[in-house]
Amino acid sequence: MFNAAWCLIQRDLQIAWRRRGGVLLTLCFFVLIALLFPLGIGPEARVLRLIGPGIIWVSALLASLLALPHLFATDYQDGSLEHLLLAPQPLAWLALSKIIAHWLITGLPLVLVAPILGLQYTLSDAGLWTLIAALLLGTPILSLFGAIGAALTLGLRSGGTLLALLVLPLYVPVLIFGAGAVEATNSGLGGQAHLSLLGGLLILALLGTPLATAAALRLAVE
Amino acid sequence: MSASADPALQVRKLRYYRGERQLIHDLSFTLTAGHWIHIRGSNGSGKTTLLRLLAGLLPAESGQILWQAQNIQGQYSIYQQALCYLGHTNGLKDELTPVEQLAWTAALRGTPINPAKAHQLLAHFGLSRQADLPCQDLSQGQKRRVALARLGYTQAALWLLDEPFNALDDTACQQLERQLEQHLAQGGLLILSSHQAINLSGAPPQMIHLSSSPDDHITPDHV
Numbered sequence: 001m002f003n004a005a006w007c008l009i010q011r012d013l014q015i016a017w018r019r020r021g022g023v024l025l026t027l028c029f030f031v032l033i034a035l036l037f038p039l040g041i042g043p044e045a046r047v048l049r050l051i052g053p054g055i056i057w058v059s060a061l062l063a064s065l066l067a068l069p070h071l072f073a074t075d076y077q078d079g080s081l082e083h084l085l086l087a088p089q090p091l092a093w094l095a096l097s098k099i100i101a102h103w104l105i106t107g108l109p110l111v112l113v114a115p116i117l118g119l120q121y122t123l124s125d126a127g128l129w130t131l132i133a134a135l136l137l138g139t140p141i142l143s144l145f146g147a148i149g150a151a152l153t154l155g156l157r158s159g160g161t162l163l164a165l166l167v168l169p170l171y172v173p174v175l176i177f178g179a180g181a182v183e184a185t186n187s188g189l190g191g192q193a194h195l196s197l198l199g200g201l202l203i204l205a206l207l208g209t210p211l212a213t214a215a216a217l218r219l220a221v222e
Numbered sequence: 001m002s003a004s005a006d007p008a009l010q011v012r013k014l015r016y017y018r019g020e021r022q023l024i025h026d027l028s029f030t031l032t033a034g035h036w037i038h039i040r041g042s043n044g045s046g047k048t049t050l051l052r053l054l055a056g057l058l059p060a061e062s063g064q065i066l067w068q069a070q071n072i073q074g075q076y077s078i079y080q081q082a083l084c085y086l087g088h089t090n091g092l093k094d095e096l097t098p099v100e101q102l103a104w105t106a107a108l109r110g111t112p113i114n115p116a117k118a119h120q121l122l123a124h125f126g127l128s129r130q131a132d133l134p135c136q137d138l139s140q141g142q143k144r145r146v147a148l149a150r151l152g153y154t155q156a157a158l159w160l161l162d163e164p165f166n167a168l169d170d171t172a173c174q175q176l177e178r179q180l181e182q183h184l185a186q187g188g189l190l191i192l193s194s195h196q197a198i199n200l201s202g203a204p205p206q207m208i209h210l211s212s213s214p215d216d217h218i219t220p221d222h223v
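From first to last, the protein sequence lines stand for chains R and E. Be aware that the first sequence starts at 1, since it is given in the numbering used here, and climbs by one per residue. Be aware that the second sequence starts at 1, since it is given in the numbering used here, and climbs by one per residue.
So that you can see chain R by itself, here it is in the shape it has in the complex:
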């Protein structure tokens, strides 16, 4: 069972590597959005430090949304999804493997780039570390919740827009706690409480969303 999951993750990483333009696109989108705000708002350090966490998180949300339709779409079109459905492993387990691969491809690069963007918003060292921790906990939740939406909108003509409408409300708690953690650290309160809540949310998402995604995938191929 672990073998099959590992194979699936390996396969998806291999495909992403051979199509790395698409991966870079998401990352560039994330960086660009976060770069645009200081240009529009001006170089006032106090203001930038105040709005920085929120803007980085919203950028991450949008970038993650941009990458979501690709999660199952190609597998659906070329028929690989049927292989997954007919595999002896539980579909939820395979869906989770695909989500993990998707996070490694689209989520992890965001986490790695975010500190550089944080510097631009003059975040303190403690603030930067909290940002990294919050993104490490939060971006997998985005992938997990997003997977349900991606599976539900498979094969629909205006799937992309519907996906945004479905998924963005689910992203709200992640945004609140994620940006809140960095703000709390900046104001000297400490972000542990927010991070704990994010951690709790991640565990909840890990337990629940693969099952929901699997059910949505079964509906999609019918």
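Source of the hints: derived by calculation from the structure; they are not laboratory data. Cβ coordinates follow ideal geometry from the N, Cα and C atoms, glycine included.
A few chain R positions that, by computed beta-carbon distances, are all more than 10 Å from chain E: (1) L24; (2) L48; (3) V58; (4) P69; (5) A73; (6) L104; (7) V113; (8) D125; (9) L128; (10) I132; (11) T161; (12) L166; (13) V172; (14) P173; (15) N186; (16) A215.
Stretch by stretch, here's where chain E covers chain R in the computed footprint (C-beta under 8 Å, at least three residues): (17) 7-21; (18) 75-83.
Partner residues are not named here, just some residues of chain E that face chain R (Cβ under 10 Å, in silico): (19) A55; (20) L57; (21) L83; (22) A107.
Go by the hints and put chain E onto chain R.
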């Protein structure tokens, strides 16, 4: 591929609607080891739908599918192990080479194969030169052959093949026919859809004619 006394695959009064239209009407048949079924019908008559129903990818309106006398609903994972389904899409990733493709589908089925074995299976279908090219560079027929190369390592007893002869040239068709004959000779079961007449040595097939007009009923008849 056990020689149990139970008929291996039994379908009872299978019924399926698409919208208002009854696509599959009370279809019943029994398939035993070493035998095969040829599904024929015009375009849009439900051949693919029937194969997907049998694979468990679609839920039937009513009726039962029994595998080794057990309803597949209750023991779907056992049925899946015994099943090899080839849809009308090939299930190939454009970015992967045929060798990688075979390796990962085999690993997914829990029967890992090494690259040498994958090369051998592909050479069997005349793809030795294309084995390390990305699938997107292959022609339609070559892609079909990569998908069919899966039949070389599967240990499944029941093969469900949707238009397996599509896009294949004469040599590949004969190759596939030999492989199907071998599978049947080893006591395997086979259900395929095709527009062509297919002559396999051994037992003649049961024919299922699907009709696209709603008045005609589906009549499985034994040839």
